[in-house]
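K.L.:
Here is what each chain is made of, one letter per residue.
2 protein chains.
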Amino acid sequence: MTADLSRLSLNTATTKALTLQEAVDAAVRAGLPAVGLWRDRVAEAGLEESARIVREAGLRVSSLCRGGFLTAADADGQRAALEDNRAAIREAATLGTRELIMVVGGLPAASQPGGPALPDGDRDLVAARQRVADRIGELVPYAAEHDVRLVLEPLHPIFAADRAVLSTLEQCLEMAAPFPAETVGVVVDTYHVWWDPTLETQIARAGREGRLASYQVCDWILPLASDALLSRGYMGDGYIDFPTITRWVAAAGYTGDVEVEIFNQDIWDRPGDEIVSTIAERYARLVQPHL
Amino acid sequence: MTADLSRLSLNTATTKALTLQEAVDAAVRAGLPAVGLWRDRVAEAGLEESARIVREAGLRVSSLCRGGFLTAADADGQRAALEDNRAAIREAATLGTRELIMVVGGLPAASQPGGPALPDGDRDLVAARQRVADRIGELVPYAAEHDVRLVLEPLHPIFAADRAVLSTLEQCLEMAAPFPAETVGVVVDTYHVWWDPTLETQIARAGREGRLASYQVCDWILPLASDALLSRGYMGDGYIDFPTITRWVAAAGYTGDVEVEIFNQDIWDRPGDEIVSTIAERYARLVQPHL
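Protein sequence lines correspond, in order, to chains C and G. When we follow my numbering, the leftmost residue of the first sequence carries the number 20, and every step to the right adds one. When we follow my numbering, the leftmost residue of the second sequence carries the number 20, and every step to the right adds one.
Here chain C stands alone, though its shape is the one from the complex (with noise of 0.2 Å):
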């Protein structure tokens, strides 16, 4: 019996080594009909070039990463994010997809990504989830102009300090509930959420209110790696219970596609045939007989 892949994307970030031209290509050739986009792969193809390849290949695009980084607090910053999140939501409708994952951001008190506090920085954790609303409430008009979804990540709370603020899909949900449920929305990535006691619940409202725009899979492992961003493995070798999680996300009615975005030096460390035949066979085992 084949597997059924029907529903398997291919996030460019599980194969970070390839062009995006042998991502799509590699997708292909596995039989997957989707793939996620990350915006960096689409630069250095081109915008237009990048929405004819995957075009030309039959693909659907089943997201684009990432919007967001909506935390500053000085102006300059704020019109900065605005700028970069209007090109963000011109290139999704470019390229297909309705559904712009939003990474928010972290504390203004991050150095960088994975550094240490500045030590007279801005720690209001309050303030700064309270800026990510403003800022969604200020590109809901424009996101909705071009018929893109602003879909809200909750992050792992391990990067709360300096990735992303939003921490709980609870937290999304709540601040998605003012706009539209077709111009914002929520993502389910395994890796972030697995852990939250209130994760059905949540899932189960996210699908009643029409927000659940995309479901990411990977693993938590153990150890961690050195930098902890990429602590990601393949499902099945970590701690996840997916049958369990996919069985929430299909009883809310999510229909879309399912993509699987892995951050793992030593998984991009090999050939993309072989990164993309994994993924396949866990997914085949592990997310869709549960679907």
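Don't read these hints as lab results, they were simulated from the structure. Hints should not be assumed to be uniformly reliable.
[What the hints assert, rightly or not] Computed footprint of chain G on chain C, listed as stretches where at least three residues anywhere in the stretch have a Cβ under 8 Å from a Cβ of chain G:
hint, region
1, 120-131
2, 139-145
3, 171-183
4, 227-241
5, 256-270
[Unchecked claim] Computed beta-carbon distance windows for the label pairs:
hint, chain 1, residue 1, chain 2, residue 2, range
6, G, Pro197, C, Arg74, 56 to 64 Å
7, C, Arg105, G, Ser296, 46 to 54 Å
8, C, Leu310, G, Pro197, 33 to 41 Å
Small disclaimer: the values here were computed from a predicted structure and weren't measured. Virtual Cβ for every residue (Gly too), placed ideally from N, Cα, C.
Starting from the known structure of chain C, arrange chain G on it as the hints suggest.
P.N.:
Chain G in isolation, oriented as in the chain C frame:
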């Protein structure tokens, strides 16, 4: 003006290189009124001798660390856990503290704390959490008999796989709800909960329900140490907004001691008196004024 240290407690984990007697002496020299004890230090010195050392120094014992590791799925593992926790309850009573901090343990799939997942290991997080609730229920009568409180500790989600399946204050309060507040409480450790979007609400609830049993402070620093467990810093060296969280704790009616519990190899390598004077200085600057 002398700093007001009348609620500052030295957790012996902060001065890991010191014996119990040495840690107590350092606390006394710095003018601290209390210590939080770890069972390893107590076992080294002997239980009765430990009680004598602290009593003769005129110090309070703000808490005993730790009971827990209650997630075993097999009968032998469960029996051993109950036995160990009953011993911890007796030790707390002998040492003169009501507050026994409970680190509840990770998934059966964990090969060891910080280690990789067992390929065929049990990853059912929902069931592991239910077993914790069941074991707590079994321990409650024994704790009440000894006038000791089981203090549920939410650990940062970075530890959900391998050290504690309790991840949020809300989850701990839900688990505590069926039991009397004098017998099952919760601890707020800034390191573990600082990122939680519902923190203010849940601290207020813990106070209202009479379950706020301990307030522990240390900072979230980046980059993470190679052993993530040791990535804690002095207050002020990381990303946590101590004034805000401390005001929430004060507003919840907490009047107990504030323990400083830092796991950090660089700090452990320093002389004990330097460590204690540093925590006193940081406490006086960032915490005490907001209590």
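K.L.:
If you test the structure against every hint from before, which numbers come out violated?
P.N.:
none
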